[in-house]
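Protein chains: 2
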Amino acid sequence: MRKVGIAASGLTEFSKNDLPIDTLMLSAVKSLFDESQNLSQKDIDVVITSTNDNNKYLANIISELSGISPKSAHAIESLCNSGTSGIVSAYSYVASGLADSVLVIGAEKSNNPGLVLEWDKSRGQYTHPIYWSSMFTNAHMRKYGTTLEDIAYVSAKNHRNAINNPYAFFKKEFTIDEIMKSKPLTENLRLYDCSMPCDGAAAVLVSAENTIKKFTDSPVWISGIGQKSISAGFTKNEELTSMSSVIQSASSACQMAKKTISDIDVAELHDAFGICEIIELEDLGFAPKGKGSTYVKNLYDTDDKKINPRGGLIGSGHPLGATGIAQTIEIFQQLQGKANKRQVEGAKTGLVQNMSAAATSSTVLILES
Amino acid sequence: MRKVGIAASGLTEFSKNDLPIDTLMLSAVKSLFDESQNLSQKDIDVVITSTNDNNKYLANIISELSGISPKSAHAIESLCNSGTSGIVSAYSYVASGLADSVLVIGAEKSNNPGLVLEWDKSRGQYTHPIYWSSMFTNAHMRKYGTTLEDIAYVSAKNHRNAINNPYAFFKKEFTIDEIMKSKPLTENLRLYDCSMPCDGAAAVLVSAENTIKKFTDSPVWISGIGQKSISAGFTKNEELTSMSSVIQSASSACQMAKKTISDIDVAELHDAFGICEIIELEDLGFAPKGKGSTYVKNLYDTDDKKINPRGGLIGSGHPLGATGIAQTIEIFQQLQGKANKRQVEGAKTGLVQNMSAAATSSTVLILES
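Sequences listed follow chains C and Y, in order. Numbering of the first sequence is given in the working numbering, commencing with residue 670 and proceeding in unit increments. Numbering of the second sequence is given in the working numbering, commencing with residue 670 and proceeding in unit increments.
Errors might be hidden in some of the hints.
Pairs count within a copy or across copies, as identical chains cannot be separated in the list.
Dumping the calculated DSSO-like pairs for lysine-lysine here, alpha-carbon to alpha-carbon at most 27 Å [claimed, not checked]:
hint, residue 1, residue 2
1, Lys790, Lys711
2, Lys1007, Lys882
3, Lys966, Lys1010
4, Lys905, Lys850
5, Lys850, Lys790
6, Lys883, Lys790
7, Lys711, Lys840
8, Lys699, Lys790
9, Lys905, Lys699
10, Lys975, Lys699
11, Lys927, Lys711
12, Lys958, Lys927
13, Lys958, Lys685
14, Lys927, Lys812
15, Lys966, Lys927
16, Lys905, Lys711
17, Lys927, Lys850
18, Lys975, Lys1010
19, Lys699, Lys882
20, Lys928, Lys840
Derived from the structure by calculation, the hints contain no laboratory data. All figures in this text were calculated on a predicted structure; none of them were measured in a lab.
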């Protein structure tokens, strides 16, 4: 099987604006083309969009507006996990030989219809994701003695990291006190524990070994892929202090890449809420079970940018369909040594973890320079 | 690269009903499991849905409701070409080794939001597909002398074929006179020249060579794939008597399969309107340019079921996201010799042609027993 890598990337600022979804996507595509001087529209065999937007035929529309006439153009949706689902699909097109290069474009509007999973009647009136995150928080506090102050460190760290991300929604440091005193949304969830749905787009070019050098001198290879869909409904989670989709997708990705978590130099984790990063650090094996918050506090105290250097979803904002792609772009730039003030020195191996709907499904990618 | 084939299929009746989209999808999945006695939920690595429906996370929802816990579950959309886009994506997952078996489920409601491409402002007030089909009809009549009676033969043939399709929307023969006197929708388009948007679902299991024999004694191999997206907007069509996406996708598919059109024993063509089948027959090379209608009339007069044996979209109905999958199932059954009264005797090589939005994009698959 031929190697598959990331050749180029493009981003828009994550903000709240009135730009339509196609304009956002086009901005990310333009940014990607600007980055890769040798890339021509003719090089692109497949265009995949990743979004929860209800507009139809968007992949074909963006292709036409970009001057691309691909073989296939189609949209992919899997709620918040759409972005990496698109990248994995691109990988399969390239690895199988159906395509040499696939352009994956994720974008979202802040008022998109993927924010609440209408189908999940098990949530009763508590349809908003703040409720499942509160239940995860309660369970972790009860079982491991995690405190609200512990959880605030996730937000403090990620907001501080986001200051060095020119595309981030927030570019402002928050103290632990400010986070703890921010608007209470539920009994144990405050506004600054949450990622912010926003408008934004992100694009990557996924290319085969034999063509990638045309587009970049420093490709980043996708060496590990793990995905797992446990369920769609929240009530199928076996317990609330662990995310089995994350554990299983990480195990598959590490096996494919022949790596362990100790090999990972830098990681983007899906911190939809503060508690998520803590549980993910434990489930991925960065920290022992119940010690995720200690791990986070240590990162904060030492200003270690290893986890969520671009600021995570909490600092960068969360345009659903763009998130997994923006996470992957951060690791791409880190492994290229082009992450500027966010750079984790000497990073050679990185990890992306992206998920949907109370961790009912997750993707883990391992990337290598 | 390992061979990839179709192992099993499932269909619902194409009708107008009040069933929700998930119920339709589940019915097709149940039908597929019933057909393949050895198939277990654990065999399925990836679940892909194909639909224009606005409900989110449907692939994960159907997975949960079916007792499947796949690696990846996601939805694919590319208007009327969604179904074969899903099958090609499934092929790439299997061929690349990311999956051994992929379940592809297409479904649509008759009032789905993919019926009109809102984005295409170039259509002015003439947003409904009947207008582009009228323009194709006018152009073909002007250039080649095709008559409205010629075009009525497409509908007469396909409705007659649909009588033997237990899942078809229409199961009634129409005379040329009835078709020509059916309700006029535009100057040169009558109601019975059109396919009927309806409710329905279709599912296929796409599997790798090394596992497919567990599920079927008579697999059908996907040997050729061609796809082309010319544009999204109608006005990018260079001319209206030909469909360049169809020509290019057929060329790629034949090249990959090392076949020519003369090798094709049976084909499913995307007859959204009568004129489409005539142009497709010409562009695919079944008939010389301008002689598509003569070819159709000959099929009708000799009761030859080679083209659209299940009744095409005109006879079977057109649930957008399910159509490309239902077309593929017909060729699967034909090459298995299990098409009952629709059987084309001795069919070994078949073709599927599926497309979107005034032929702005098209897929061609070549299947072999």
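Hint check results:
1. When the C-alpha separation of Lys790 and Lys711 is checked against a cutoff of 27 Å, the pair qualifies only between copies, where the shortest distance is 26 Å, while the shortest distance within a copy is 46 Å.
2. Taking identical chains as interchangeable, the C-alpha atoms of Lys1007 and Lys882 lie at most 27 Å apart only when both belong to the same chain, with a minimum of 17 Å there against 49 Å between chains.
3. In this homomeric assembly, Lys966 and Lys1010 come within 27 Å of each other (Cα to Cα) only inside a single copy, at 21 Å, whereas the closest approach across copies is 71 Å.
4. Neither within a single protomer nor between protomers do Lys905 and Lys850 lie at most 27 Å apart by alpha-carbon distance, with minima of 33 Å and 56 Å respectively.
5. For a Cα distance limit of 27 Å, the shortest separation of Lys850 from Lys790 qualifies neither inside one copy, at 32 Å, nor across copies, at 49 Å.
6. Taking the shortest alpha-carbon separations for Lys883 and Lys790, neither the intra-copy value of 50 Å nor the inter-copy value of 37 Å comes in at or below 27 Å.
7. For the homomeric pair Lys711 and Lys840, neither the shortest alpha-carbon distance inside one copy (38 Å) nor that between copies (46 Å) is at most 27 Å.
8. Taking CA atoms no more than 27 Å apart as the test, Lys699 paired with Lys790 passes between copies only; the shortest distance there is 23 Å, against 41 Å inside one copy.
9. Taking identical chains as interchangeable, the C-alpha atoms of Lys905 and Lys699 lie at most 27 Å apart only when they sit on different chains, with a minimum of 22 Å there against 41 Å within one chain.
10. Proximity of Lys975 and Lys699 under a CA criterion of 27 Å is satisfied in neither setting, with 29 Å inside one chain copy and 46 Å between copies.
11. Proximity of Lys927 and Lys711 under a CA criterion of 27 Å is satisfied inter-copy only: 25 Å between copies versus 35 Å inside one chain copy.
12. Taking the shortest alpha-carbon separations for Lys958 and Lys927, only the intra-copy value of 23 Å comes in at or below 27 Å, while the best inter-copy value is 56 Å.
13. When the C-alpha separation of Lys958 and Lys685 is checked against a cutoff of 27 Å, the pair qualifies neither within a copy, at 37 Å, nor between copies, at 53 Å.
14. In this assembly of identical chains, Lys927 and Lys812 lie within 27 Å of each other by CA distance neither inside one copy nor across copies; the values are 33 Å within and 62 Å between.
15. Within a single copy, Lys966 and Lys927 get their C-alpha atoms no closer than 29 Å, and across copies no closer than 61 Å, so neither meets the 27 Å cut-off.
16. For the homomeric pair Lys905 and Lys711, the shortest alpha-carbon distance between copies (17 Å) is at most 27 Å, but the shortest distance inside one copy (45 Å) is not.
17. In this homomeric assembly, Lys927 and Lys850 never come within 27 Å of each other (Cα to Cα): the closest approach is 44 Å inside a single copy and 68 Å across copies.
18. In this assembly of identical chains, the alpha carbons of Lys975 and Lys1010 lie at most 27 Å apart only when taken from the same copy (13 Å versus 65 Å across copies).
19. For the homomeric pair Lys699 and Lys882, the shortest alpha-carbon distance inside one copy (20 Å) is at most 27 Å, but the shortest distance between copies (47 Å) is not.
20. In the homo-oligomer, the alpha carbons of Lys928 and Lys840 never lie at most 27 Å apart, since the shortest distance is 34 Å inside one protomer and 58 Å across protomers.
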